[in-house]
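Listed below, chain by chain, are the residues.
Protein chains: 2
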Amino acid sequence: MTDATIPGDLRNAFDAYERAIVANDLDALDAFFAPGEDTLRGDGGGLLVGHDAISGFRALRGGVPPREIAEVHYRPLARGGEAVASGSPEQSTDGDIALLVSVSAFRGGGRGLQTQVWQRIDGRWLIVAAHVTPRTPALDRTIWRSVGDPFQQGAWEGPLEGLTVAVKDLFAIAGFRIGAGNPTFLEEARPEKVTAPAVADLLRAGASLRGIARTDEFAYSIAGDNVHYGTPPNGAVVGALPGGSSSGPASAVALGHADIGLATDTAGSIRVPASYQGLWGLRTTHDLVPRQGMLPLAQSFDTIGWLTRDGETLHRVADWCLSYDGSASTENVYGASGDDLPWRFLVPEEILDCVEPATREAFSRMLAALAASDDPPPFRAVHSGDLDATFTAFRTVQGAEAWRNDGEWLRAHPGAVGPAVAERFRAASQITAAEEAAARLDLESIAAHLAELVDGAVLIFPTVPGPAPLRTADVDAVRAATLRMTAPAAAAGLPAISVPLLTVAGAPVGVCLVSRAGTDIALVRLARRLAALVGSGAGR
Amino acid sequence: MTDATIPGDLRNAFDAYERAIVANDLDALDAFFAPGEDTLRGDGGGLLVGHDAISGFRALRGGVPPREIAEVHYRPLARGGEAVASGSPEQSTDGDIALLVSVSAFRGGGRGLQTQVWQRIDGRWLIVAAHVTPRTPALDRTIWRSVGDPFQQGAWEGPLEGLTVAVKDLFAIAGFRIGAGNPTFLEEARPEKVTAPAVADLLRAGASLRGIARTDEFAYSIAGDNVHYGTPPNGAVVGALPGGSSSGPASAVALGHADIGLATDTAGSIRVPASYQGLWGLRTTHDLVPRQGMLPLAQSFDTIGWLTRDGETLHRVADWCLSYDGSASTENVYGASGDDLPWRFLVPEEILDCVEPATREAFSRMLAALAASDDPPPFRAVHSGDLDATFTAFRTVQGAEAWRNDGEWLRAHPGAVGPAVAERFRAASQITAAEEAAARLDLESIAAHLAELVDGAVLIFPTVPGPAPLRTADVDAVRAATLRMTAPAAAAGLPAISVPLLTVAGAPVGVCLVSRAGTDIALVRLARRLAALVGSGAGR
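Sequence order for the protein chains is C and S.
Heads up: the first sequence at position 226 corresponds to 1347 in our numbering, and the numbers run straight through without jumps.
Heads up: the second sequence at position 344 corresponds to 1465 in our numbering, and the numbers run straight through without jumps.
If you're looking for bench data, these hints aren't it; they were derived computationally from the structure.
Mixed in with the good hints, there may be bad ones.
Stated by the list, open to error - Okay, derived cross-link-like pairs now, DMTMM-like style, lysine to aspartate or glutamate, Cα gap no bigger than 25 Å in a straight line:
# : chain 1 : residue 1 : chain 2 : residue 2
1 : S       : 1314      : S       : 1408
2 : S       : 1314      : S       : 1529
3 : C       : 1314      : S       : 1313
4 : S       : 1314      : C       : 1308
5 : C       : 1314      : C       : 1164
6 : C       : 1314      : S       : 1308
7 : S       : 1314      : C       : 1313
8 : S       : 1314      : C       : 1309
9 : C       : 1314      : S       : 1408
Chain C with its partners taken away, still in its complex shape (with noise of 0.2 Å):
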């Protein structure tokens, strides 16, 4: 089987294309592919439809390693008048169709494998269709630091007995540096001498990990877009980004890489990538999961929870990771969770105001849906402050805090982060002892308003703005109206569930649920009462 009888001119067309892949040769690879909205192109990161789509996927992908073309298989599917039965033609013509299947071996080891569905329009072979798997690699380096089967094993037995774990590179294992998302840390890291609490109770419980996920450079990011290693793919949206910082731990549950993210959520890293991804996220209260063998972003805010792809997953690890019981990393005596949560929402103006329209309209049909149930509960709308004020009385002191842990090293190691995350620390290096202590003031008022709000009601709004964004996009402007979203909870310690009820223009959207300090247990609870309810269909 050979390529002895492709016609000349798409032989020629096979040709260009791949060198153009070699080459990266952008605007020959986009010329290749047939215009419109019913070209498709699809490899294992997902199906892109539509000449624009692909187009705006080749701009992030880079070029593809040396490799030759190892076979072709070509098979006539139709002549310009008709379908080919058998033979095959000598010379194309417009209209015809043909499937070329090569093999490409690359030069460091491995194979690929491209299917195409080559059309001839206006004289000219274009591609219609293509399915492309580039050589498997080791590991998803994006993904994953180290991964394993197991990467560590658990406890042969316990609630948890199955479960693998994707343990965010800010947590200790003993015996493994802590990475913290950025190559020159690592580098230095010693390796730590004691297994994080909040990763032993997982292993207690029977969860193996699966391994160790990347991070934003010191979790100070909430795209997910780590300039080292690389975004992950977001499980969910074709191209768009995970959400951060706990983009790794987010992707390899929402690949199914993991069942159990373990990760941390200062301002908003478990939530965003829940939403992003179409997870369940929960954010902790703040100090609850005691934060020993964790490496800090700001201690005043810093919390510990999971991402998982089901409610029932992240309540079976809740009730064991936060109950006295099952848990010897956590001093919660479990009776704050004891009883439900009210069965009363409120929504809170100022954080709806972020929210994009699509997403807003998406959030107000489940709330009509709600009402209309069997189980309706009652809906008010509240003003949760002014959001402004909020995210910069916050940010000053995470920035502050950041520094304080951070800073030396920072100046020590000049140009050994990304320019985002230096940015961050740049500005956060500027914060005065008088901005850090007056931004305190203001958090305790803003604190002691929202403790108020929950106190006999749980907060109800879109996790994020909405969709997560694509990679391409210029996400500035979201992760302002991002952060003003999620810096509530943070900036009071409160517990914060993201459940993925909403879907917009086919990608998820999820609903933030926020409660009473020590109740996350019962927000759990609350969270699937509200899921069942909802079901499948609503808010879409």
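Put chain S on the given structure of chain C with help from the hints.
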């Protein structure tokens, strides 16, 4: 873009095919693929051509995890009598050709992509080409136990800087257990305190560890089909055995996951996978590379060596690891390798008798090409001695030592080892002291004869009887012939290199060179000289 316009009978066929996939109904799946030699099916493991090849593969694959079809995109390509210009047929007719590209969403997370070209033949829609991307796993557990980016960083400079190593799961890495290809053994193992010198030498030279790669259980096999973790893919031949027992390192190197496989060869465990996967593989002189920190199989024959994709890399590794200057792990004074080996070859007739006809022909063509080259070496046929006797003596001593090493553990863990390896150990347990002593005596004269042969010339012969057997083949006969070919060098403790110089029916077969004890580096040099002369075209 939806599936609204798919003809009803095509949609029914697609749905029925999907049900058959999830149910792993092999007969139904076979029936959905068009008969004949033109049908194509490919995935990351490679491309299968022809209905029978596709059908044979299915038996190996097992089912797919639970999933739903999330999207289907339909593109009519040809109608029975004409190419499709626009619009879509409401009813399909014979000869119609259609493209269906579908996205599957796995219940356990992750997505897959299927591209199928369907053709209506005799009233039934059948698949004439398919390209499948399953959900990507965190790691390929058939190849790897643990993998990282890097798994362990080597020195930041050195002669092997930038190269990555797949370490066979028989070597100690400080902080990690040795798994030996058996999950029960791994479970009970304790973390190693000291890294094996063979590993440390590579790290010190700047290579980094990519991870811990799979081995056949206790290295007591040459097939590479570990019953616990599955069979690693052969990087060169779709659906073929990878070769063992160094299966994981070999597949990792062939697929480009790592540059160097650190492996062991007792009876052929480096040479066999090298030949099967088109790699360079060096079994070193017995006792040249100290084996501290390596789990033994049979101390009289155990050796350490390396697998690479090219001769230059193997040369660099051998130069460093075997030279007095570079290595802390060897006592070789390098002297024996300072001189070149004689450019004079001996073809052992009894070994050649084990070779399959097509491979023997390819080998003869290669010898003829060498004879006609600018630098023709003299060749002479010699007698290697009775291979049955050699193998019997080898197997007796190997078995006795293997049982002394692992017998106690095996007795304490009935059922913990796969049937083929268990049977091998059972036979080993029957060997008497008298039989072992007699076999050792036999080995002395066998080794003396072989040492005499390689004193002034180099043995040359195909490494194994032929290309890697398909995983569906009955491999017992091949195994017997293979071990008769690989045992002599092992019995005599001689260095042996397998060089990928032959191609038989599209598959690689190695040429084995065996030289005087201690001439390992010179043997690599000689192999490179030979490979340069043969070039890429000779021997095919």
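Under the constraints set out in the numbered hints, which ones does this structure not fulfil? Of the numbered hints, 5, 9 do not hold.
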